[in-house]
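**Q** Those sequence lines, one after another, are chains A and B.
Counting along the first sequence from 1, when you hit position 9 you're at 9 in my numbering, and nothing is skipped either side.
Each number in my numbering comes from the position in the second sequence (counting from 1) with 69 added on.
Treat the hints with caution; some may be incorrect.
Claimed, not checked - Simulated coverage check for chain B against chain A, where a stretch passes if three residues somewhere in it have a Cβ under 8 Å from a Cβ of chain A:
| id | stretch |
| --- | --- |
| 1 | 76 to 84 |
| 2 | 141 to 150 |
| 3 | 187 to 195 |
What the hints assert, rightly or not - Heads up, simulated SDA-like pairs for lysine to any residue below, C-alpha to C-alpha not over 20 Å straight-line:
| id | chain 1 | residue 1 | chain 2 | residue 2 |
| --- | --- | --- | --- | --- |
| 4 | A | K51 | A | N39 |
| 5 | A | K51 | B | L143 |
| 6 | A | K16 | A | R4 |
| 7 | A | K51 | B | R145 |
| 8 | A | K51 | B | A142 |
| 9 | A | K51 | B | E150 |
| 10 | A | K51 | B | A171 |
| 11 | A | K51 | B | R153 |
| 12 | A | K51 | B | T133 |
| 13 | A | K51 | B | D149 |
| 14 | A | K51 | B | A129 |
Keep in mind that the hints were calculated from the coordinates and are not lab data.
Keep in mind the model is a prediction, meaning the values are calculated, not measured.
Backbone N, C-alpha and C fix where the C-beta goes; we use that ideal spot for every residue, glycine too.
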Amino acid sequence: MTDRLENRVREVREAKGLTQAQLAELIGVSRKTVNTVENGVFVPSTVIALKLAQALGQSVEALFSLPGD
Amino acid sequence: MTDAEEADRLSRRRTRILPVLGLFLVIQQATFFTSPAGRMRAVDMVHAGAWIVLASVILAALMTGGFWNRPPALRRLIDDEVTRANRASALQLGFVVAMAVAIGLYVIESFTTAVLTPLQTIHAIVTAGLFTALLRFAALERRALD
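Sequences are here, hints too, so could you generate the full structure?
**A** Shown next, in the form of structure tokens:
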């Protein structure tokens, strides 16, 4: 089982003109969480993934995918 | 300053403070091992008390994230998912190192003529575990912030 997760959070966030701090504020986490998710250092919980998807107006599947999918 | 920015600032400060606390712990460890064994003088009791306080504060800071005087909402932000994951990883490594040191000291006591007092043994195990966990936590947090 892989524990890696590819994501498009940075790409979508930047397209919406948001900074990491602004996105963090929107979903009630620290900028550190947004940064580590974007860099692939941290695999977020389902709750954080859903909040990110909601804040960025995307589905979770559009933001996150397994490598090779 | 927003809560997210304040949490960021405090997290950065924590990554600078924790290694310094660890250094104090190691320095105390060094002075403990170099001081003559025997009956406890008043100064030794103060020294032992200071070590107990420092080790307890470090353990509490590691387990809770520190910043106890800050509002609960801000503390939750400082202690969010990434921080909890970093802490779990740091405590895991600290535990492994503490156990390895304990096993190593047991081997030394069993198979060599070296004699350690129970206090020296406890000192070494606690310091190794806490110092490792502190450094690992600070390193993971720094990586997460950059």
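**Q** For every hint, state whether the structure bears it out.
**A** Results of checking the hints against the structure:
1. For the stretch 76 to 84 of chain B, the stated coverage by chain A holds: 3 residues have a C-beta nearer than 8 Å to a C-beta of that chain, and at least 3 were required.
2. Counting residues of the stretch 141 to 150 of chain B whose CB lies closer than 8 Å to any CB of chain A gives 4, so the stated coverage by that chain holds, three being the minimum.
3. Chain A is given as covering the stretch 187 to 195 of chain B, and this is violated because 0 residues of the stretch bring a CB closer than 8 Å to a CB of that chain, at least three being needed.
4. Of the pairs offered as hints, the one joining K51/A and N39/A holds, with about 18 Å between alpha carbons and a cut-off of 20 Å not exceeded.
5. A C-alpha spacing of about 19 Å is found between K51/A and L143/B, which places the hinted pair at or below 20 Å, so the restraint holds.
6. With a C-alpha separation of about 25 Å, the suggested pair K16/A and R4/A falls outside the 20 Å cut-off, and the hint is violated.
7. For the hint linking K51/A to R145/B, the alpha-carbon distance of about 17 Å falls within 20 Å, and the restraint holds.
8. Taking the CA atoms of K51/A and A142/B, the gap is about 18 Å. The hint holds against a cut of 20 Å.
9. Of the pairs offered as hints, the one joining K51/A and E150/B holds, with about 13 Å between alpha carbons and a cut-off of 20 Å not exceeded.
10. With a CA separation close to 44 Å, the supplied pair K51/A and A171/B exceeds the 20 Å bound.
11. Simply put, K51/A and R153/B have alpha-carbon atoms about 18 Å apart, close enough for the 20 Å limit, and the pair holds.
12. The suggested pairing of K51/A with T133/B is violated, with an alpha-carbon distance near 25 Å, which exceeds 20 Å.
13. A threshold of 20 Å between alpha carbons decides the hint, and for K51/A with D149/B the separation of about 14 Å falls inside it, so the pair holds.
14. With a CA separation close to 31 Å, the supplied pair K51/A and A129/B exceeds the 20 Å bound.
Figure legend: structure checked against the earlier numbered hints; hints not met, in rising order: 3, 6, 10, 12 and 14.
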